Amino acid sequence: MEDYLGTIFRFVFLVILQGLVLNNVDLFGFVSPYLYILVILLFPLEANKSMVLFLSFLLGMSVDMFSHTWGMHTSASVFAAFMRPGLLTVLAPRDGYPLGTRPDMSHMGINWFLAYSFLLIFFHHIFLFFVEAFRFSEFFYTLGRSIASMLFTFALVIVSQFLTFREKRVL
Amino acid sequence: MRNLIQLIWKYHFVLLFLIVELISFSILVQNNNFHRANFLTSANEISGNAFKTINDVSEYLKLKKVNQALIEENVRLKSEAQTSFYSLTPDVRFFNDSAYLTQYEYLAAKAINNTTNKRSNYLTLNQGSRNDLTSEMGVVSDKGVIGIIQTTSDNYSFVISLLHKDTKISARLKSNNYFGILTWDGRSPSVAQLDDIPAHVKINVGDSVITRGSGTIFPPNIMVGTIKGFSKIEGTDFQAIEINLSVDFNNVTYVYVVRNKLKMEQQELEKPKEED
Numbered sequence: 054m055e056d057y058l059g060t061i062f063r064f065v066f067l068v069i070l071q072g073l074v075l076n077n078v079d080l081f082g083f084v085s086p087y088l089y090i091l092v093i094l095l096f097p098l099e100a101n102k103s104m105v106l107f108l109s110f111l112l113g114m115s116v117d118m119f120s121h122t123w124g125m126h127t128s129a130s131v132f133a134a135f136m137r138p139g140l141l142t143v144l145a146p147r148d149g150y151p152l153g154t155r156p157d158m159s160h161m162g163i164n165w166f167l168a169y170s171f172l173l174i175f176f177h178h179i180f181l182f183f184v185e186a187f188r189f190s191e192f193f194y195t196l197g198r199s200i201a202s203m204l205f206t207f208a209l210v211i212v213s214q215f216l217t218f219r220e221k222r223v224l
Numbered sequence: 090m091r092n093l094i095q096l097i098w099k100y101h102f103v104l105l106f107l108i109v110e111l112i113s114f115s116i117l118v119q120n121n122n123f124h125r126a127n128f129l130t131s132a133n134e135i136s137g138n139a140f141k142t143i144n145d146v147s148e149y150l151k152l153k154k155v156n157q158a159l160i161e162e163n164v165r166l167k168s169e170a171q172t173s174f175y176s177l178t179p180d181v182r183f184f185n186d187s188a189y190l191t192q193y194e195y196l197a198a199k200a201i202n203n204t205t206n207k208r209s210n211y212l213t214l215n216q217g218s219r220n221d222l223t224s225e226m227g228v229v230s231d232k233g234v235i236g237i238i239q240t241t242s243d244n245y246s247f248v249i250s251l252l253h254k255d256t257k258i259s260a261r262l263k264s265n266n267y268f269g270i271l272t273w274d275g276r277s278p279s280v281a282q283l284d285d286i287p288a289h290v291k292i293n294v295g296d297s298v299i300t301r302g303s304g305t306i307f308p309p310n311i312m313v314g315t316i317k318g319f320s321k322i323e324g325t326d327f328q329a330i331e332i333n334l335s336v337d338f339n340n341v342t343y344v345y346v347v348r349n350k351l352k353m354e355q356q357e358l359e360k361p362k363e364e365d
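Quick note, the sequences are listed as chains V and E, same order. Count along the first sequence starting at 1, add 53, and that's the number in my numbering. Count along the second sequence starting at 1, add 89, and that's the number in my numbering.
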């Protein structure tokens, strides 16, 4: 229950933060962080993946609503939610995820979380920026933009994890 | 059916993803001008390529029709070309001098048909009665005598070639004034015969034979040919003379039709009187 409340809170908070603050951050003219990916990152492990897909769809829609980029964040979020189960399977510990574990730094450790968040942010941003460009003719420019923003987002995600770091492991 | 449901269930996440992603993209394309424009451009490019391929194929299938159209156009253009037109103002040269009265007018014409291999040969000229050509007019080329117009239509003339069984042209030797009748025996298109030259007349091989101008058809002194050989006809007082024609009848193109302006006067004068 706590998980779902936390998810809903994160959802609302990050959409507002993204829409009102982070969308206005524009480093070097082309680097923007998309921290709302954290919602998708931190969905509970036990959550139905179809439900995650649907919630990601809503998340992207909400972000799009704030940034007037209809469909862009929606499609990228849906793609990230689609990649997430496979990614979790690849990164799963040998014995599988312990029951009640959350996919965050405090539960899975810093190395696991770095790999997990980096890869998911990578998928999300690549998709997002190519949808935004909507062409492959400027491939390397688009790739450069997405990687720059990805690093920014990645840094913010790690910082946010440290801010909400909880020493106690919930077992 | 069960298998299908199992299959769908097996891949329901992928299918769901594809559906949701499709919805996202439709939202994207619907609402963003840039993406819509880009999408339409890409779509147009794809459909345009498809249309182009279809068009290429159908064009190939239409080649026959196109060929037909091109042929028709060619025919139209050819009939509009300069060479297709019949000149209503042929080259006619006048010599205006009050001290002389122009007797002969020359009118340029082109032989558009010509035979040499028959016993009686004819030419067709591209000028006719529209330019006042009538029968009994002489036809010459720069090399010599060609023939006589037999009939004319509006735009064409039918010419009795010198190579004809009925040819009788009054010709004379250039070296003296003895004259005979030029005929053709039908054997060679380059050799004609000159009859009625008296046996005592001294001639040489290579002497020129020219028109006499006694009739109303040819002007005098038009080249006919050169003497090829001669022999006395036994039992007569005449000699048989072979003439190399100066005109190569196998290669006649540009000719001149001679119009004798005094023809009527001469004929009127020479006409046998009824009381005779």
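Hints listed in this document are in silico derivations from the structure and should not be mistaken for laboratory results. Model, not experiment: these values are computed from the prediction. Where hints are given, some of them may not hold.
Said to hold, decoys possible - In silico EDC-like links for lysine to aspartate or glutamate, alpha-carbon gap of 20 Å or less:
{"hint": "1", "chain 1": "E", "residue 1": "352", "chain 2": "E", "residue 2": "225"}
{"hint": "2", "chain 1": "E", "residue 1": "254", "chain 2": "E", "residue 2": "331"}
{"hint": "3", "chain 1": "E", "residue 1": "254", "chain 2": "E", "residue 2": "274"}
{"hint": "4", "chain 1": "E", "residue 1": "99", "chain 2": "V", "residue 2": "99"}
{"hint": "5", "chain 1": "E", "residue 1": "263", "chain 2": "E", "residue 2": "296"}
{"hint": "6", "chain 1": "V", "residue 1": "102", "chain 2": "E", "residue 2": "110"}
These are the hints, each one checked on the structure:
Between residue 352 (chain E) and residue 225 (chain E) the CA atoms are separated by roughly 10 Å; this keeps the pair inside 20 Å, and the hint holds. With a CA separation close to 16 Å, the supplied pair residue 254 (chain E) and residue 331 (chain E) stays within the 20 Å bound. Annotation: proposed proximity of residue 254 (chain E) to residue 274 (chain E) holds, straight-line Cα distance about 7 Å (limit 20 Å). Between residue 99 (chain E) and residue 99 (chain V), the direct Cα distance comes to roughly 19 Å. Compliance with the 20 Å bound is thereby established for this hinted pair.
With a C-alpha separation of about 7 Å, the suggested pair residue 263 (chain E) and residue 296 (chain E) falls inside the 20 Å cut-off, and the hint holds. Proximity of residue 102 (chain V) to residue 110 (chain E) is assessed by CA-CA distance (about 15 Å); at most 20 Å being required, the pair is judged to hold.
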